[in-house]
Amino acid sequence: MMKCAEVHPNLGAFVLGGLDSEEETEVRRHLAFCPSCREKLGEFEEVSQALKVAPPLADPPSYLKDQILSYVRAEEPSPSHEELSSSRDSRSKNLPLLVPGVAAAALVAVVALGIFFGLHAEPPIATIQLTPVEKENYWGVAELHPQPSGNQQVELKLNNLDEPGPDSYYEAWFSSGEEYIGAGTFTVTDSGQTDVVLTAPPQVQNYPTFLITEQSATGDTAPSKKVVLRGEAP
Amino acid sequence: MPHRADELSDEQLMDQLAGQEEVGAALSALYDRYSRTVFGVGVKLLGDRSSAEELVQEVFLKVWRSSHTFDSSRGSFSTWLYRVTRNLASDSYRKRTRRVDLVSDKDPFILATRDSSPGPQEIVDDSWLSWRMSRALEGLGAAHREVIELAYFQGLSQREISQRTGVPLGTVKTRTSSAMKRLRAGLAGEDALQEDRR
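Sequence order for the protein chains is A and B.
Going by the numbering used here, the first sequence opens with residue 1, and the numbers climb by one from there.
Going by the numbering used here, the second sequence opens with residue 1, and the numbers climb by one from there.
Hints were generated in silico from the structure; no laboratory data involved.
Incorrect hints may have been included.
[What the hints assert, rightly or not] When the alpha-carbon atoms are kept at most 25 angstroms apart in a straight line, the in silico DSS-like pairs for lysine-lysine are as follows: (1) A:Lys-135 x A:Lys-226; (2) A:Lys-157 x B:Lys-62; (3) A:Lys-40 x A:Lys-52; (4) A:Lys-226 x A:Lys-157; (5) B:Lys-181 x A:Lys-3; (6) A:Lys-135 x A:Lys-157; (7) B:Lys-62 x A:Lys-65; (8) A:Lys-135 x A:Lys-225; (9) B:Lys-181 x A:Lys-52; (10) B:Lys-181 x A:Lys-40; (11) B:Lys-44 x A:Lys-65; (12) A:Lys-40 x A:Lys-3; (13) B:Lys-44 x A:Lys-52; (14) B:Lys-44 x B:Lys-62; (15) A:Lys-157 x A:Lys-225.
[Said to hold, decoys possible] Some chain A residues close to chain B (C-beta under 8 angstroms, calculated; not the full set): (16) His-8; (17) Leu-11; (18) Gly-12; (19) Leu-16; (20) Val-47; (21) Pro-55; (22) Pro-56; (23) Asp-59; (24) Pro-61; (25) Lys-65; (26) Leu-69; (27) Val-72; (28) Phe-186.
[Unchecked claim] Here are the simulated distance ranges between beta carbons: (29) B:Val-167 x A:Lys-3: 20 to 30 angstroms; (30) A:Glu-179 x B:Glu-21: 46 to 56 angstroms; (31) B:Glu-54 x A:Asp-220: 22 to 32 angstroms; (32) A:Val-133 x B:Glu-149: 47 to 57 angstroms; (33) B:Glu-21 x A:Gly-17: 45 to 55 angstroms; (34) B:Glu-21 x A:Thr-127: 25 to 35 angstroms; (35) B:Gly-19 x A:Asp-220: 43 to 53 angstroms; (36) B:Arg-65 x A:Lys-3: 55 to 65 angstroms; (37) A:Glu-45 x B:Arg-49: 26 to 36 angstroms; (38) B:Ala-185 x A:Trp-139: 43 to 53 angstroms; (39) B:Gly-189 x A:Glu-45: 18 to 28 angstroms; (40) A:Glu-179 x B:Glu-7: 56 to 66 angstroms.
For glycine and all other residues, C-beta sits at the position ideal for the given N, C-alpha and C.
Put together the whole structure using the sequences plus the hints.
Rendered as structure tokens:
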């Protein structure tokens, strides 16, 4: 019969089902009489159970990282932007040397990211100021950007919203007073600024009231009465 | 002399992001460490690669935008990132469970209906274990990860792994058991981090 020292290296493979049948039989025979090895086996079985919920070992597409970093660099003011700006003012002779490469890179980034993230080049057609209903420190704006499809992109810039209650989430609505159009759901993980981009159908232009409600994931899907922010289209 | 981003801890990189220092390098390093986990858990939660790719974008933009809200005294970066990932995945899931009916009678009212698929709570039930296992797998060295990948995910026997990799059978067996031990330790480590957060 196998000794413990011989069984230990085989236990991982035993749990994963990778031993030859003779080896497996030998290990089983040893385990029947060895509490110490059974204990070790139990530890490996826990790992084997956890492996069942392991996500696939796959890399995201390589372009994703570049897109994310390009977006961040385009949004984030950096010393190089300031230098470029000051050189425009005071050293215009250097522009032909400095600008083309940077400008071309920025343009590519803006165009690519605009397409990728569904961003808008046009200013908003309307900005709705959102005021708190219950908690006074909540505030924000909803900017409406028309899309070529006719849909309205709704860019929410919200401040100080708390994380919604357990099994709850926030939902944005346009209202005519009687009917409601849902514009999308979101949550916040931390207090502070929350930026959310949602898409609403073209008809919302006839629904002048904008609301953000806290919805229960297990409750009714109609707008809840728990309105946290509201505003009127100008 | 400043450290390279890949030599810094997750928490130090978050400090850099919050302080707007070397933002690109810091976010790049965090992406390299965690994007596979976010993507893998995203595929598992949302069911397809396309949705998981969107999730990866949203998560890392959130990391950048919300870096100032991360507090290392309340828990590890990994635990914080898990919560961000889970919440954004739940949002994505909810959006998909709503169906817009705009064409039936030109009535713009949106029917916010639910389908019969599992709710947000169900889809995240296993996600913490899934996250921890992904982190444990990421923590393995290449040789250990290879034997687990071949043995568990591809279902090869130890002998087949030996033949495919050219590694002696005895070494394959030892590596497999060693990898299982390390995975167990990795899982326990993430458990401890979660306990710290509570």
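- In rising order, the numbers of the hints this structure does not comply with: As far as the earlier hints go, not one is violated by this structure.
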